[in-house]
Amino acid sequence: MAATMSNVEEIRTRAVLGEFGVKNVHSSDFPGNYPGYDDTWNMQTFQKVPTMAIEKVFIYNNTSIVQDEVLAHRLGLVPIKADPRLFEYRDAGEESAEEQGSEIDTIQLQLKIKCSRNPRATKDSSDPRELYLNHMVYSSDITWVPIGNQADVFADSVIRPVHDDILIAQLRPGQELDIIMHCVKGIGQDHAKFSPVATASYRLLPEITLLEPVEGEKAERLKRCFSRGVIDIEDVNGTNVAKVVNSRLDTCSREVIRHDDLKNVVKLARLRDHFIFTVESTGILPPDVLVTEAIKVLMTKCQRFLSELDSPSVE
Amino acid sequence: MAAEGEKKPVLEMVQADGGDEGCVTFVLHNEDHTLGNSLRYMIMKTVDVDFCGYTITHPSESKINFRIQTRGGVPATEPLRRGLRDLTEVSQHVLNTFQVTIKSITDPLWTPCSSPTEPTGL
Numbered sequence: 102m103a104a105t106m107s108n109v110e111e112i113r114t115r116a117v118l119g120e121f122g123v124k125n126v127h128s129s130d131f132p133g134n135y136p137g138y139d140d141t142w143n144m145q146t147f148q149k150v151p152t153m154a155i156e157k158v159f160i161y162n163n164t165s166i167v168q169d170e171v172l173a174h175r176l177g178l179v180p181i182k183a184d185p186r187l188f189e190y191r192d193a194g195e196e197s198a199e200e201q202g203s204e205i206d207t208i209q210l211q212l213k214i215k216c217s218r219n220p221r222a223t224k225d226s227s228d229p230r231e232l233y234l235n236h237m238v239y240s241s242d243i244t245w246v247p248i249g250n251q252a253d254v255f256a257d258s259v260i261r262p263v264h265d266d267i268l269i270a271q272l273r274p275g276q277e278l279d280i281i282m283h284c285v286k287g288i289g290q291d292h293a294k295f296s297p298v299a300t301a302s303y304r305l306l307p308e309i310t311l312l313e314p315v316e317g318e319k320a321e322r323l324k325r326c327f328s329r330g331v332i333d334i335e336d337v338n339g340t341n342v343a344k345v346v347n348s349r350l351d352t353c354s355r356e357v358i359r360h361d362d363l364k365n366v367v368k369l370a371r372l373r374d375h376f377i378f379t380v381e382s383t384g385i386l387p388p389d390v391l392v393t394e395a396i397k398v399l400m401t402k403c404q405r406f407l408s409e410l411d412s413p414s415v416e
Numbered sequence: 004m005a006a007e008g009e010k011k012p013v014l015e016m017v018q019a020d021g022g023d024e025g026c027v028t029f030v031l032h033n034e035d036h037t038l039g040n041s042l043r044y045m046i047m048k049t050v051d052v053d054f055c056g057y058t059i060t061h062p063s064e065s066k067i068n069f070r071i072q073t074r075g076g077v078p079a080t081e082p083l084r085r086g087l088r089d090l091t092e093v094s095q096h097v098l099n100t101f102q103v104t105i106k107s108i109t110d111p112l113w114t115p116c117s118s119p120t121e122p123t124g125l
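As given, the protein sequences belong to chains A and B, one line each in that order.
With the numbering used here applied, the first sequence corresponds to residues 102 to 416, in that order.
With the numbering used here applied, the second sequence corresponds to residues 4 to 125, in that order.
Any given hint might turn out to be false.
27 Å max Cα-Cα, derived DSSO-like pairs, lysine-lysine [to be verified]:
#1 A:Lys-224 x A:Lys-157
#2 B:Lys-106 x A:Lys-149
#3 B:Lys-66 x A:Lys-397
None of these hints come from the bench; they were simulated from the model.
All chains should be built: construct the whole structure from the sequences, respecting the hints.
Here it is in structure tokens:
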């Protein structure tokens, strides 16, 4: 009695050029989906997809102005580009073995940097970039220390933070940082640093119907009421007629209603069973991989309860 | 098949009313709206289910009370089983369609968006 979903999916991969690079925002349409199904696909399901993040920070030397705990907190939030599917969860009860991370569940990173005066700076410059060396500690300064056989397993892909330009601390001459970090696998439900997505949301496909033909100057104004690309002006027998071209682009600002003569011409609604999901990844896993992992999380949950039901100890 | 209140350590607990097997409240541990709402929806689709609902007993505890009432004397575990199976199949279908479409898109690599000031779809 499974539902037959003979729908075609339309997927658009959009690369949004932001100020610092190209972010991967992935938007997919699910027409004909069940209204109850979408609830699984908010942030909550992605919070169950695991990632690797810095958990234990061993500070051997920190003479910077940033306090130890603040520094540790900042380091934890740095996204680490390591495929979590290749790692295991660390055993929760191993408090005595906190120094021993094994190679299958821990990544060891190191941050060792010392700020010094630049001997080649001119006498009267006041620009810190000229005066000091290593005065800004970026995430690119975090280096990977392979343990066990990680050097062979990850020979072709270096484990490092996703972004190189995350500012972690600022130093002045004489201050230094000497830190070893252990990354473990965790889920976003536990701590937000493990979240694989920046934002994950969905919306319903807007539906714009023109109740009567709109012509001429009114058509022009109607076109300006909606986002660009939603309404197009067609030339029909010499007059400009408005036509709804692509309602998917609309941001539903309902600007039409503010115009007295236009508000009765248009009917604004949403298609109840067409969902547009938008997933923005932090860069650890690409968005399409994230979506497949999230679906698998849901299926694993169902399987677990099915096997519980079928096991003889219940009823 | 007397479904009296049996205690299971971690995952699921079944508490039945009296002798009526058609009205059962399941307690699902470590679950929230993610499974609760979708499962509820799938079960509501079946014809012989009279009532189906779920609550999160307290937001600090991650467990849900899932209640199914059937008509016609059908034991309540039946719609639950069927709902779980249907949910798995729907997810599988979504997964397959998604992966197929992704593969067909990654060949022409990049589909440029139609308008330059397009919103990010949020």
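Original post:
Which hints, by number, does the structure contradict?
Top reply: Number 1 - this is the single hint that the structure violates.
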